[in-house]
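Using the sequences and the accompanying hints, generate a full structural model.
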Amino acid sequence: MTELGYRSICGKWVLHKLSRNQRLARLNIAKKLFETYENCDSRRLTEIITCDETRVYYSAPYIKHKKRSWVRSDEQPAKIPRPDFRKPKIMYTIFFSSHGIVLQLPCESGKAVTATFFQSKCFQI
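Under the working numbering, think of the first position of the sequence shown as 119, with each following residue one higher.
Honestly, the hints are just simulated from the structure, not real lab data. Just to be clear, a hint being listed does not mean it is correct.
[Said to hold, decoys possible] With a cut-off of at most 16 angstroms between alpha-carbon atoms, the simulated EDC-like pairs for lysine to aspartate or glutamate come out as follows:
#1 K229 to E171
#2 K207 to E226
#3 K239 to E165
#4 K239 to E226
#5 K207 to E171
Right, here's the structure in full:
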């Protein structure tokens, strides 16, 4: 196929783009955190706990090599949409500090993830 001017490439994820307001909100939060911890003892910074959320789908994961295709040298790879948000999944929230994972918290199916949910689960520890 390469002799015919084709190349084998993987599809490309369509990235989520933040709006201008979302970027500004994140910037303001980061500035506020810097101001809060500007004169802080560096040992206190190791006590900060943060978290990240991810959705784990029950269906087969995205397998990159299965999305490979042959395209002409001047063509772009196909865009691959993210998995359908309506497919069965579970949401995990992982809390971590500079020392590693502190807590892994699965969200119960159909339950809203709110501040009250986090307080009820996190303060049990």
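Hints versus structure:
The hinted pair formed by K229 and E171 meets the criterion: a straight-line CA distance of about 15 angstroms does not exceed 16 angstroms. With a C-alpha separation of about 10 angstroms, the suggested pairing of K207 with E226 holds against the 16 angstroms cut-off. Straight-line distance between C-alpha atoms of K239 and E165 comes to about 19 angstroms, which puts the hinted pair past the 16 angstroms bound. Taken as a hint, the K239 and E226 pair is honoured in the structure, with Cα atoms around 11 angstroms apart against an allowance of 16 angstroms.
Annotation: proposed proximity of K207 to E171 holds, straight-line Cα distance about 13 angstroms (limit 16 angstroms).
Hint 3 from the earlier list is the only one contradicted by this structure; the remaining hints agree with it.
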